[in-house]
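Novice: Letter by letter, the chains look like this.
2 protein chains.
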Amino acid sequence: MIEDKNQSKTDLGQLGEFGLIDHLTKHFEIKNKSSITGIGDDAAVLDFDKKQVVVSTDMLVEGVHFDLAYMPLKHLGYKAVMVNLSDIYAMNAKATQITVSLAVSNRFPLEALEALYAGIETAAKIYNVDVIGGDTTSSTTGLILSVTAIGEVDSKDVVYRKGAKPNDLIVVTGDLGGAYMGLQVLEREKEVFKVNPQSQPDLEPYTYIIERQLKPEARKDVIELFKSLDVKPTSMIDLSDGLSSETMHLCKQSNVGCELYENKIPLDPQVISTCEEFDIDSTTIALNGGEDYELLFTIDQGDYPKIKGNPNFTVVGFIKEKEAGMQLITRGGTSIELKAQGWNSF
Amino acid sequence: MIEDKNQSKTDLGQLGEFGLIDHLTKHFEIKNKSSITGIGDDAAVLDFDKKQVVVSTDMLVEGVHFDLAYMPLKHLGYKAVMVNLSDIYAMNAKATQITVSLAVSNRFPLEALEALYAGIETAAKIYNVDVIGGDTTSSTTGLILSVTAIGEVDSKDVVYRKGAKPNDLIVVTGDLGGAYMGLQVLEREKEVFKVNPQSQPDLEPYTYIIERQLKPEARKDVIELFKSLDVKPTSMIDLSDGLSSETMHLCKQSNVGCELYENKIPLDPQVISTCEEFDIDSTTIALNGGEDYELLFTIDQGDYPKIKGNPNFTVVGFIKEKEAGMQLITRGGTSIELKAQGWNSF
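Chains A and B, in that order, give the protein sequences. Position 84, counted from 1, in the first sequence is what the working numbering calls 84; the numbers after and before it change by one each time, with no gaps. Position 161, counted from 1, in the second sequence is what the working numbering calls 161; the numbers after and before it change by one each time, with no gaps.
Just so you know, not all the hints are guaranteed correct.
Remember, identical chains collapse to one label, so a pair may be satisfied in a single copy or spanning two.
What the hints assert, rightly or not - No farther apart than 30 Å at their CA atoms in a straight line, the calculated lysine-lysine pairs in the DSSO-like style are these: (1) K194 x K227; (2) K51 x K339; (3) K165 x K33; (4) K320 x K26; (5) K252 x K322; (6) K194 x K322; (7) K31 x K252; (8) K50 x K31; (9) K162 x K125.
Just so you know, these hints were derived from the structure itself, not from any lab.
With the rest of the complex left out, here is chain A:
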């Protein structure tokens, strides 16, 4: 669909492994004060002074997490960084460095990897993180990306999943379900394209949700906003899976229960209209669709005035005592137990 068939092709074997790493990473600059040295030695050297360090890692596998039929490689590189930075922000930390490891089959020409790295570089620039290491190797089949993200945070500012207390407000950033519905549209167009390669899909009505799928943004801005609003969440997690399973993670690790309100879940109009078109319930999508990379957090009710009216935040429920269980209160007022139907790659 999006692939350019007329691109020039350079065989990876021509460069060799060292040549390839050099070639792909030579543009990368080191900007963070904590990055002493980056790529080019046995290990990168970092100095966080008195800050604490947060580390997270994620692996993306072709055919499991992405489909190159509709995921341009530049977007894939960008998204692989976002997925990892999102975990750093979910600790209320500042993302500072990433390492990127790559296994690729030699069906990929050099130009494909250049596109992938262009996406990584763009993400690193915009989010002000340094690419400080990585490994590039061949794979017997597809493309596998493994990113490790590192961040820094004052020890007093770290937010874990486990700090939610009864009566805390449950808040989400942005809106939910877009990435999942974007994927549904892309999957549908892929099937249409298979039958008729000449078809020109009209994706105009889906631009927002397709962008949510192909080029998600991690919520660096929200972490900065917390600082300027003087808010420290009591617990936080990023929404890589659906609202339901992530809320359950927070509650289980905090040893509390909760009530989520169906009518409070923030949905973009495009999500609603696309759900109608696909005849899917939009609440189900928001609860169980993944990859929105928004933040889900809890705050003390005393902090509510600080976030009230802020368009980035939507209060979707309350933390309850553990005995109350984890409930969704439907528009009709019925209480339904939350279920985790999050992502399972197996």
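We have chain A already, so just place chain B on it with the hints.
Specialist: Same frame as chain A, but now just chain B:
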């Protein structure tokens, strides 16, 4: 060959992704002072106080870096950790944490991953590193392991590749070429086994070199030895590729030349006898065979008395001015330019 065909098999899909991570990592304890929290949140939290932090990452791909026909999964887990710790020690740092990401096809039963993680856990225990994060996902084909290792070091103690000066001594730890020759023996036995599955190979004459291939040890002890001997190398790199290409890395990054002496290269008698059996030149193997995970470093000549006579160390040459080039002086006294024939997975 080594695989046990009678093992019980539990399908990965039964556990799901969260269940799998929990199951595989529940035994892992956090021991290092710098590990504040490990697995179980969006990211691990670390605190290195005033130390600098070193980070390295490596990816191992089935069919490229290892062959499960003769690499038991427990050994693979152990080796994957070693490969990464070796990079940390090559910075003269103490390894403190690792993250482990895994992509596996569902042809692997749970018991296979348990064996893999048992190897990871054994390595982590012996080397006193904490497993603080990771990701487990499915793959469309084989097994891919991505490990990121983290270490700590006083800023004054960091050793880079770039510090070698003319007249410095070039030193290697242990002996070279064993891992490569062990691989040759295993490859040969695999071919024999294909032809005659009833054959019982006599691997007794090759125990040392097979162990070098299947269960290498990173040189944590050498870093501790440097401290007790009060030696700080001027440059250092680990021998993941052969002596030739690693020496060239040191020289290029230090902007110097060198002379290596063929007759000084440390070889185990099993390497010599196996090379004779395979009719391969043992110097070629030491220069170009990889995966020994020994350390190659340079020291100021003034430090020579501190390492003299220590069985861990062998002086193999001298650093020269850049103009002298990078030379191997053969047993016959001939000077041959070093060539990098290191590992290239493409």
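Novice: Each hint should be assessed against the structure and marked as holding or not.
Specialist: Tested hints:
{"no.": "1", "hint": "K194 x K227", "verdict": "neither (49 Å within a copy, 64 Å between copies)"}
{"no.": "2", "hint": "K51 x K339", "verdict": "neither (37 Å within a copy, 44 Å between copies)"}
{"no.": "3", "hint": "K165 x K33", "verdict": "between (36 Å within a copy, 28 Å between copies)"}
{"no.": "4", "hint": "K320 x K26", "verdict": "between (52 Å within a copy, 28 Å between copies)"}
{"no.": "5", "hint": "K252 x K322", "verdict": "within (9 Å within a copy, 62 Å between copies)"}
{"no.": "6", "hint": "K194 x K322", "verdict": "neither (50 Å within a copy, 59 Å between copies)"}
{"no.": "7", "hint": "K31 x K252", "verdict": "between (39 Å within a copy, 25 Å between copies)"}
{"no.": "8", "hint": "K50 x K31", "verdict": "both (19 Å within a copy, 21 Å between copies)"}
{"no.": "9", "hint": "K162 x K125", "verdict": "between (32 Å within a copy, 27 Å between copies)"}
In this structure, the earlier hints numbered 1, 2 and 6 are contradicted, and the remaining ones agree with it.
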